[in-house]
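Chains A and B are the protein sequences, given in the same order. Counting with this note's numbering, you get residues -17 to 274 for the letters of the first sequence. Counting with this note's numbering, you get residues 1165 to 1502 for the letters of the second sequence.
Take these hints with a grain of salt, some might be off.
With the C-beta cut set under 10 Å, the calculated list includes, among others, these residues of chain A facing chain B [claimed, not checked]:
no., residue
1, C241
2, G248
3, S250
4, I252
5, V265
Below, in silico cross-link-like pairs of lysine-lysine (DSSO-like), each with a Cα-Cα straight-line distance of 27 Å or less [to be verified]:
no., chain 1, residue 1, chain 2, residue 2
6, B, K1237, A, K8
7, A, K(-4), B, K1420
8, A, K64, B, K1180
9, A, K257, B, K1283
10, B, K1248, B, K1180
11, A, K70, A, K123
12, A, K210, A, K178
13, B, K1465, A, K257
14, A, K123, A, K171
15, B, K1237, A, K(-4)
16, A, K70, B, K1237
17, A, K64, B, K1420
18, A, K70, B, K1420
19, A, K257, B, K1221
20, A, K8, A, K70
21, A, K11, B, K1237
22, A, K171, A, K11
23, A, K74, B, K1237
24, B, K1420, A, K74
Over the 10 Å line for every Cβ pair with chain B, so calculated as not near, a few chain A residues [what the hints assert, rightly or not]:
no., residue
25, R139
26, M145
27, A166
28, K186
29, R194
30, L219
Rather than coming from a laboratory, the hints here were simulated on the basis of the structure. The model shown is predicted, which means the values in this text are computed figures rather than measured ones. Even glycine gets a Cβ: it sits at the ideal position worked out from N, Cα and C.
One-letter residues, chain by chain:
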Amino acid sequence: MTSLPPLQVPKLAKIVEIVEMTAIEKMFKLEFLDGSTLSFKPGQFVEISVMGVGEAPISICKSPTRSGPLEIIVRKVGRVTKALHAMKPGDKVGVRGPFGNGFPMEKMKGMDVLLAAGGLGMAPLNSVLQYVLDKKEEYGKVILMYGIRSYQDALFREEVFKMLESQTEPVVLLAYERDDPLLAKIAEKYPHNVRKGVITVLCKECLLPHLRADRTCAVVCGPPIMYKFVLKELVGLGIPPERIYMTLERRMECGMGKCGHCIVGGASTIRYICKDGPVFTGVDALTIRGLI
Amino acid sequence: MHKILPKENLRNFFEKLKELGEVHAPVRRGTIFAFSKIESVEQIEFSYVRTMIPPKKYFIQTCEEILRFTPDKGYSPATTETKKVVLFGVHACDINAIKILDNVFLEEPVDLFYEERRKNTFIVGISCEPDDFCFCKSVGADSVQDNYDLFLYDLGDRYLIDTGSRAGEEFLLSLNLQNPTSTDFEVLRKMLSERDLKFKKTLNAQGLAQIVDSNPSSEVWGRYAEKCLACGGCTLVCPTCRCYSIDEFRDLSLEKSTRTRRWDSCFLRSHALVAGGLNFRPTRLDRFRHRYNCKSSIEWKSGGLFCVGCGRCSAFCPAGIDHVEVLNNLVHLSVMTI
Chain A
-17 MTSLPPLQVP KLAKIVEIVE MTAIEKMFKL EFLDGSTLSF KPGQFVEISV MGVGEAPISI
43 CKSPTRSGPL EIIVRKVGRV TKALHAMKPG DKVGVRGPFG NGFPMEKMKG MDVLLAAGGL
103 GMAPLNSVLQ YVLDKKEEYG KVILMYGIRS YQDALFREEV FKMLESQTEP VVLLAYERDD
163 PLLAKIAEKY PHNVRKGVIT VLCKECLLPH LRADRTCAVV CGPPIMYKFV LKELVGLGIP
223 PERIYMTLER RMECGMGKCG HCIVGGASTI RYICKDGPVF TGVDALTIRG LI
Chain B
1165 MHKILPKENL RNFFEKLKEL GEVHAPVRRG TIFAFSKIES VEQIEFSYVR TMIPPKKYFI
1225 QTCEEILRFT PDKGYSPATT ETKKVVLFGV HACDINAIKI LDNVFLEEPV DLFYEERRKN
1285 TFIVGISCEP DDFCFCKSVG ADSVQDNYDL FLYDLGDRYL IDTGSRAGEE FLLSLNLQNP
1345 TSTDFEVLRK MLSERDLKFK KTLNAQGLAQ IVDSNPSSEV WGRYAEKCLA CGGCTLVCPT
1405 CRCYSIDEFR DLSLEKSTRT RRWDSCFLRS HALVAGGLNF RPTRLDRFRH RYNCKSSIEW
1465 KSGGLFCVGC GRCSAFCPAG IDHVEVLNNL VHLSVMTI
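In isolation and in its complexed conformation, chain A is listed as follows (with noise of 0.2 Å):
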């Protein structure tokens, strides 16, 4: 079935599941009430309302082109998340959406995929490591270069060392930073694709043999401080700026571009993150001050 998006009203969804992903971040799986289902974009993002407490946008973190309830992976960290990680299977929530403009999958085909995601920022990336998955055919090389504190922090833990066991593709380079034998261990059995440290750590040794940087796009999302470091070392690879896509994070109360928090950059260079972004590219990061 088909509809309009609910942009301005949020529409009833039942949560069918719940997976704990971390010890603060839970998956809700999510369908609507009225047996609709919402047509979206790798890296787009949706409001969601927990009656009576309020709204926070949220990535979905699922691929269009796999079928089954909406997904989302949401972190205990305000006052809506925290409401959220105390629902259960078969509560309802409200959602919006979807809003943003998404990565632009189109213009990434034919291209090697690189994916940068650090801590949470695996969500929205899992979107579009499933879409390139699926549409193999499409796209070429993948890369996934993943930022985690521990173990325990993983998302996608059993997917992403799976693929990291296979040793074939999608190639998995992992970098860790809090001390865990756990991970010593992998790194030992895996010294091309482990390292200790944050992302960057991976870019110089590990990334390079895998890089084909003139038919490279990357996509990045992780925490705001880790956009500057990562695509200095990417440019500092050889891909050029505008095929570096970032995904961001800000206030963004109502997704439409009318309630003003999400606004940045210069006189010259508005943007509202919600309506023009939440995608940006690296030359819009040296064009729009203050982006990242």
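For this one, chain A is given, so just place chain B on it according to the hints.
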């Protein structure tokens, strides 16, 4: 279409306006002026310079219900008002500001509440005289091309009325007024050119967006941000500021729970704060500069600034910060330090 309204016929004109809806016009409230519902033409302050709160309050209310919800049925839009309002005595700057708001709220997806109220508002503009704070002329907002129904030019003992919409024309035709003569137009031209000379404040608006953009670390920002109280008053009185914040209230009976929106201000610390405690504009300096960036940016449809030069932010700033002084100093200092 143009008609002449002798001032002695104002009462009759006003009574006719009342047939279109509730008439709201500038009235005196202590030391300030405010758009308010009026019953008689005597209540109108024809020579007001600016109201404290701009006409935006008629389209986006200070706090309004946007959704209702119950646990079973979920969310539904709050019922919108369909009250017809005649907004009388709106100055050119404010009419231009409404146009900027239109470009935000009537852009897809159209804001249903704004659209409903906008459609039900009949705008009657009126010519004005600048005071020390007005700088509408330097931002091209001292005259109107569209976005009004009627506009009254004060020619002394009579008004020359210009129509800006079909509804305005229909209304005027129902009044049986005389057509203007060439003398009336001559008087209008003279009035307008004399008015041009009365402006005391000029904003260097040409290329302002680029200059503001290129000087994020100018000492001018810090100098004024230091004086700023971060009260957000300037954004409330600004006719083009339209940031709003959303709240949700659960009713104990669970029958009348609501989601509301209220005017917000980029000067408040929470404006760019996200869950987890990260603030994208953490300091007063960041927020001060942000507002000037926003107001000096180019409105995508009209090509003009996001500022109409009404002077409210300067006139009502409790710290005495003058918008034009800040920006002109910025331009001056950036040229001097080339």
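For each hint, the structure was consulted:
1. C241: With a minimum Cβ separation of about 5 Å from chain B (threshold 10 Å), the hint on A:C241 holds.
2. G248: Holds, because the Cβ-Cβ distance from A:G248 to chain B comes to roughly 3 Å (cut-off 10 Å).
3. S250: holds (4 Å)
4. I252: OK, holds: A:I252 within 10 Å of chain B, min 4 Å.
5. V265: violated (16 Å)
6. B:K1237 <-> A:K8: holds (26 Å)
7. A:K(-4) <-> B:K1420: holds (22 Å)
8. A:K64 <-> B:K1180: violated (57 Å)
9. A:K257 <-> B:K1283: holds (26 Å)
10. B:K1248 <-> B:K1180: holds (14 Å)
11. A:K70 <-> A:K123: violated (39 Å)
12. A:K210 <-> A:K178: holds (20 Å)
13. B:K1465 <-> A:K257: Answer holds: B:K1465 to A:K257 is near 16 Å, not above 27 Å.
14. A:K123 <-> A:K171: Answer holds: A:K123 to A:K171 is near 23 Å, not above 27 Å.
15. B:K1237 <-> A:K(-4): Holds, at roughly 12 Å.
16. A:K70 <-> B:K1237: Cα-Cα ~19 Å, so holds.
17. A:K64 <-> B:K1420: holds (24 Å)
18. A:K70 <-> B:K1420: holds (24 Å)
19. A:K257 <-> B:K1221: Status holds; Cα separation ~25 Å.
20. A:K8 <-> A:K70: holds (11 Å)
21. A:K11 <-> B:K1237: holds (20 Å)
22. A:K171 <-> A:K11: The given pair, whose Cα atoms are some 35 Å apart, is violated under the 27 Å limit.
23. A:K74 <-> B:K1237: holds (10 Å)
24. B:K1420 <-> A:K74: holds (18 Å)
25. R139: Holds, because the least Cβ-Cβ distance between A:R139 and chain B comes to about 22 Å, which exceeds 10 Å.
26. M145: holds (29 Å)
27. A166: holds (29 Å)
28. K186: holds (29 Å)
29. R194: holds (35 Å)
30. L219: Holds: least Cβ distance 28 Å, greater than 10 Å.
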